[in-house]
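Visitor: Residue strings, one per chain:
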Amino acid sequence: MSYYIRLGLILFLIAAVASAVLAFINGLTEPIIIENQIQLEIQARQVVLPQADTFEYVEDELPYYRGLDEDGNIVGYTFMAVGSGYSGDIDTMVGLTDEMIVSNIQVIQQTETPGLGANCTRPEFTEQYQDLDAEQVKIERDGGKVETITGATITARAVSNSISEAMIQMKKQLEAAPKINIEPDIEEAA
Amino acid sequence: MSNNEKKLKQVGQNNQDLYSVTVSPHMSEYRSVKSVMWNVVFALLPALIVGIYLFGMRALLLTVYGVIAAVLCEALIQKLRKQPITVNDGSAVITGMLVAFNFHAAAPWWIPVLGSIFAIAIGKHVFGGLGHNPMNPALLGRVFLVASFPTYTAAGWIPTLRNSISGITSNMDIPAVTDLVSSATPLAVIKSLRDPSFVNNINEAFPNASQILMDEAASLPTIQNLFWGNIGGCIGEVSAAALLLGALWLAWKRIIEWRIPTFFILTVFVLTFIFGGIDGLFSASILLPFFHIFAGGLMLGALYMATDMVTSPLTKKGRIVFGIGCGFMTVVIRFVGGYPEGVTFAILLMNLIVPLIDKHTRPKPFGFVPDK
Amino acid sequence: MSLIKEMTKGFFKENPVFVMALGLCPALAVSSSIENAIGMGGAATFVLLCSNILISLLKNLIPSKIRIPCYIVVIASFVTIVDMTMNAYLFELHKNLGIFIPLIVVNCVILGRAEAFAGRNNVVKSIFDGIGMGIGFTLALVAVAFFRELLGAGQLLGVNVMPANYQPILIAILAPGAFLTLGLLLGLMNLLKKPEAD
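Chains as they are written, first to last, in numbering that gives the first Met the number 0: chain A, 0 to 189; chain B, 0 to 371; chain C, 0 to 197.
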């Protein structure tokens, strides 16, 4: 009996030491990892909405960020559109101007086929979305203005439809809650 | 290897005809690999002639490239493997022809060349050469190219010298539809009708447009175009008539047997009749199954590739199972899968389970009593 | 001299991937570019070296009945350390390797060396064995990735090396390309090892 207790104790000891070491290293690296992730998102937001200086998080059915210029005026919104592509979800960061027109998009995360669907991250594809409204953000075959990627209609359609749907949702949200925060001082209070 | 065995092997090679004893039944007819293969080449000629007639000399050129690449590759590998060089048995010629037949005539010259090399080297010789390959080499070559160069193989269809690509004439004046029937293959048109966003789009432009387009696709003139091959498509697959003509020759010569193609085509016919309509079960017109069996690579696949002696089951029952499986997979891929055409993958998938089919359909010896 | 041998045996003669056929999952999954292969190989080598050292030190303390759980705890700890450190300091590479870093825990090469070598030999030998096997694993990954990246993307280490009109053979960087390349390289290794075998 004591033999088995000894076995358990040894395993416990090894696991305890391992946990202690991991906890220590986690303490060192965690702040850097979180900082990295935040930087990545900030960068993406700045790419899709370069007019904005700072961003402010808004909780809603579709959470989004409000882009503010130097004086605290709303210049646009950024949000994440998620569509189901050929092999998994495609996350696209969308920047919208104040007039509900696409400022720019960036595909943040995708697992599409390399050489085909994965080309949706290329500027040749994403730049097409600039200055389109919710109606035009569809592939040509569905009556929109987006040219598909050769051999990867599904990907192009998934990206377009997810953006279009998210834009419609955004419109609804903004109409339901009008721009109450246009005054800079209210914003600070919020 | 002992001395004795060595000697035996030598004797066997020198006097193959005299000393080789095969398992029963001892058939009286002597049929060589060579005669079978050259007969298949002969049977493929009508399809090639139609291909040249429809797409011009480029079709012939691509086929020749494919054949030369396949033959040279086979000879080179056999030389490297220190095997007797057997390129004149025609099997590499068939592979080269079938690979080229699977691409449209606007493909660049290196498409059939690369496909043939892959088919021979990876599809056949990696497994040990003719008779050892588990899957049809030509189809593997096609899959390799389709996966590698989708921009060249899935797009860029050219019209025939005489008709539009899809062979479908639409009287509706909707840009999306006219675009589609002029640039897509027949199966791609049918596939689009299973795509909700496309259907919504055209139905908004024109009431009931999807059903009208479906009827236009499954109409007698379209099916005539498909049967004679008056459509765009791959070099060798467009004309069902030419392929059937060659297959009749092979059936008359008893080189292909009827079970695999019959059950393959029949299964596609029945399933497309049941599930082919866009308005629920049995909503398809009786013409739609004809559309499905004449369109795409079905005739080429069912008559010439599924019947490949090396990669199809040995037993009669097994061949029926194999044919039905191929038909089922084809319809599943055409209706639900990502590609408009599913014959290639259907045959390759069924090739893989041939040993299983053979095992479970082995006939019982007469008087056999199973162990209790 | 024999220490050098302990190291070099992992390069070719007992190569973990091509000869022992261990660690095939990362060899297939993370070999689509040389950069990823080097990153994966480096991370695995680090874990292998650390786990070899620690396990050979602890081998007299660990009762044989619970050696496998102990090895796994040791290996998993080092993998987590690598994971967190790479995430903090090599963010881009960590994003590319993704799930495959945590999966080093179940990389058979590492547990295999712990069980077959470090648990039976002294620290110095285990260090050389770990380095050798790690380099062998990295070499194998780079070899597969070399062909896949060259054929499938026309690039080496992210730099275009093929002529401008080269059409990438996409299948090479897709999953089937990994199986094809690994299989053909395995065959080639066998051919080189015993040229007269028949």
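No lab work stands behind these hints, which were simulated from the structure alone. Heads up, some of the hints might be wrong.
One side only, chain B facing chain C, incomplete, derived with CB under 8 Å [claimed, not checked]:
#1 Ile121
#2 Phe143
#3 Ala146
#4 Phe148
#5 Thr152
Where a beta carbon is used, it is the ideal one built from N, C-alpha and C, also for glycine.
Visitor: Please write out, lowest number first, the hints stated earlier that are contradicted by the structure.
Guide: 5
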